[in-house]
Each structure stands twice: as structure tokens, then as C-alpha cells.
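K.L.:
Protein chains in written order, with the working numbering: chain Y, 377 to 508; chain G, 609 to 729.
For the record, the hints were derived by calculation from the structure and aren't laboratory data.
For each residue, glycine too, the CB sits at the ideal point set by N, CA and C.
Heads up, some of the hints might be wrong.
Claimed, not checked - Facing chain Y, from chain G, some residues (calculated, C-beta under 8 Å):
1) G626
2) V637
3) A645
4) R646
5) L662
6) V681
7) T688
8) M695
9) V696
10) G700
11) K705
The primary structure of each chain is shown beneath.
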Amino acid sequence: MSWVIGVCGLLLTAGAVLAVVRAEKGPSILDRTVALDIVVTTMIAAVALYAAVERRADVVPVLVVLSLVGFVGSVTVARFAAVEPEGEGRVRTREEVAAEDEARRAAEDEAERRRVDGIDEHHGGGAEGEVR
Amino acid sequence: MSWDTVADVASAICLLGGAFLAFAAGVGVVRFPDLLARMHAGTKPQVLGLVLVLVGLALRLRSGGAVWALVLVAIFQMLTAPVAAHMVGRAGYRTGKVRHDLLVVDELTNDLDRVREDGDE
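Chain G on its own, in the form it takes in the complex (with noise of 0.2 Å):
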């Protein structure tokens, strides 16, 4: 057995995992109740599903220059997807998207709370 062969074997037990998560992401999005449970299920595919299709083909590659690329593409997945769900969670909540009969700990609206309060006085 070559390592040539490893390592296919290992690429394809990555893209498997890979794009399993992606599935999940698809059942977690029609199945979840509300925005934020969808959000969660959502970030699945986005960051660890993205890592291990990347790393499967960087395994299939075997070339520098590509794998930097892919390296790339993994650091800017990183740094844009929590500007997004930053974003769609604020106008969630601020639009009234986010149900607090689901939530166990709510440490945005006590604080919010709490300053109104302070505010009165």
C-alpha cells in the first residue's frame, strides 16, 4: 500500500464528512423552530464542513501552491461568516425574529433590562 493510497483514503473520508455536515445543515434548516436554532445548524457546513472538504482536496492535490490557496480560502470563510451571523442575529433580535420561550439563557435582553432600569431612576 502506497501513500498515494492513504491518502486518497483519507480525502475521501474527509469530503464524506464534509458534505454529510452540509447535509445536516439542510434537515437543521427545515426542521429547527426559529432563526437562531436555524443559524446554528447553518454554521455546521460553514466552518468545520468547509474545512474538511478543503483539507480532502488538498489531500487529492498534493501541489503547494493550490493547498496555499486553499489555506486562503479556509482564513477568509473564518473572518466572514461571524460578520454575517453577527449581522442576521442583531436584525433578528432587533425585529423581533428571536423566540424567548425557546432560549435558556437571555443575557442580552436582562442587560437590556437592567439598563432601562438604571435609565428610570
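Isolated chain Y (complex conformation) (with noise of 0.2 Å):
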């Protein structure tokens, strides 16, 4: 039996560790949660794992909690997931970095001049990003 239990938890890690390998790489967020549910599941499958392997019953309420709030994540992720521009996910230099926070600043003045002068009324809407 116990080179059964090293089997699974050999099986696990190595599923669990690529999963985590596709949260890294992205490259959108939708892949992201797909691997991150992943993670999830062989979580339930370790939890449930540990229980076989020490005959106890009292570690079952974990899995059913893990499996009622395992989806809530990729729902949620998934109803915000908006269209990502060409090289979102790429980490940027300093210096574009405050080239984009200048302009953000020029456009929030910009902004708050025209909501001074009373044109462009903005009575809320949508979440941002939200999927239509």
C-alpha cells in the first residue's frame, strides 16, 4: 500500500507543479484560471489522498467546502475578463512605465476640467471591463 500512497502523491505534485507552471505563462487570464482550477481539484484529490491513507473520516467536510467554493474563483475572473491589448501581459520598462502614469495624469486633469465646466455628465454605468 505504501508505494501506491508515494505513487499518488508523486502523480499529484507533478500535476499540481505543471498547472502552476501554466499560471505562470499565462498568457491570458482565462488560461490562468483554468490552471489555477486545476490546482483546485488536485487539492480535493490530496485532501482526499491524506484521508484513504489515515482511514479518516473527519477530513471529509474539507472536500465538500473545497468543492462548493472551488468554482466561485474562475466565475468570477471569467464575468471580468475583458480584451487584453497586444503585450499585456509583457513587463515594461521604467521609463514607459511613467511616460503611461503621465499621460494617465493628463487625462484624469483633462477630465476633471470638463466635469468642472459641466459637459460630459457621467452618471455611472457597467463595471469596467465587464464581458457584455
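Could you fit the two chains together into a complex? Lean on the hints.
P.N.:
Here it is, written out as C-alpha cells:
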């Protein structure tokens, strides 16, 4: 029985590590949610394996809770997945970040001036980045 | 050979199968080319793998109350996995994560095109 536990633990660990590799590589937020879903499922399997090895029925409620909340993350992220511009996942250089900050500050100032002048009144609306 | 040994061996086989499916999902999610293929790989341990692991655990525990809780786990997983997969697939289609050159049949795009044509007339 002990080699079965070892092989199962090894397979589960390898699966979780590969899923984390995909979560790191991306390329989009949805690929990351799918990968993290697999990590949660692997965790459920690992807890079940532990319960089977130790014959402990008291960890079964942990399985119930994990299977209930596991899908909340991916549903929430999928709701707010937006079209990502090309190169979104790239790490930017210091100069690019400074230029972006400058552009955003200018845009905010412009919006503030328009609001004070009473043009372009904003009435709220849907959440930013929401998929419709 | 007693029935306890038989149950333990069956449980070991089920646990090995479930762990192998979790490993296969890890390999698939790293190697497959686009979002839908990765989702396909990810659903293997979510339903069959989890059911195998839970059957293995039930064969080890062999007590009534715990087994009913495990049935509950399987039912919850089967209710929530399609919801999550539907939301992810829908968001993926609408944000252009689907690679159309890899699809053999794409009924959604065909239907959307037909509806747009009808609207133009």
C-alpha cells in the first residue's frame, strides 16, 4: 500500500506543479483561471488521498467545502475578463511606466476640467471591463 | 483473502487512476495550444478523476455517513464544474481567445453570421 501512496502523491504533485507553470506563463487571464482550477481539483484529490491513507473520516467536510467554493474564483474572473491589448502580459521598463503615468495623469486632469465645466456628465454604468 | 483486502486493492487502483488523471491534466494544460484545448484537459480530473478518488476513499473508509458526504462532494462538483466552464468559455469566445484555425466545427460563429445577415436584410 505504501508505494501506491508514494506514486499517487508524486502524480498529484507533478500535476499541480505543471498547472502552476501554466498559471505563470498565461498568456491570458482565462488560461490562468483554468490552471488554478486544476490546482484546486488536485488539492481536493490530495486531501482525499490523505483521508484514505489515515482512514480519517473527519476531513471529509473539508472536501465538501473545497468542492463548493472551488468554482467561485473562475466564475468571478471570467465575468470580468476583458479584451487585452497586444503585449499586456509583458513586464514594462521604467521609462514606459513613467510615460504611461504621465499620460494617465493628463487624461485625469482633462476629465476633471470637463466635469467642473459641466460638460460630459457621467452617470455611472456597468463595471469597467465587464463582458457583455 | 478477506473482503477487506479486496476493498483496499480496489481503493488503491481507484486512487492511482484519479492521481494519473490529475497528472494528465497538468501535462495537457502546459502543452495544449489554446484556451479551449486547455479547458478540455482541465475537465479530466474535475469529474472522472474526482469520482475515482472519492470511490477510492469510500472503499477505504467503509462507513455510512462519510460515504454520503462523499456522494455530496461528487454532486457539488458536477453542478459547479459546468457553470465555471461555461463562463470561462463564453468570456474566452467574446474576448477573442478562441483560435478558429484549430476548430473543426464552429457552430456558434456560423449561427452568429447567419443572424447578422438576417438583420441586414
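K.L.:
Does A645(G) hold up as a contact with chain Y if the rule is Cβ-Cβ below 8 Å?
P.N.:
10 Å, violated
K.L.:
Close enough to count: is the Cβ of G626(G) nearer than 8 Å to one in chain Y?
P.N.:
6 Å, holds
K.L.:
Report holds or violated for the interface hint on M695(G), using the least CB-CB distance to chain Y and a cut-off of 8 Å.
P.N.:
4 Å, holds
K.L.:
Quick one, is the K705(G) hint okay against chain Y at 8 Å, beta carbons?
P.N.:
6 Å, holds
K.L.:
Go through the hint on T688(G) and say holds or violated, using the shortest Cβ distance to chain Y against 8 Å.
P.N.:
4 Å, holds
K.L.:
Would the hint on G700(G) stand, with a C-beta cut-off of 8 Å toward chain Y?
P.N.:
5 Å, holds
K.L.:
Can we keep the V696(G) interface hint, with Cβ of chain Y closer than 8 Å?
P.N.:
5 Å, holds
K.L.:
Given L662(G) as an interface hint, is the shortest Cβ-Cβ distance to chain Y below 8 Å?
P.N.:
For L662(G), the interface hint holds, since the closest Cβ of chain Y sits about 6 Å away, which is under 8 Å.
K.L.:
Is the interface hint for V681(G) satisfied, with its Cβ closer than 8 Å to some Cβ of chain Y?
P.N.:
5 Å, holds
K.L.:
Let's test the interface hint: is any C-beta of chain Y closer than 8 Å to that of R646(G)?
P.N.:
5 Å, holds
K.L.:
Hint validation: V637(G) versus chain Y, beta carbon distance must be below 8 Å. Holds or violated?
P.N.:
5 Å, holds
Hint 3 from the list above is the single one not met by this structure.
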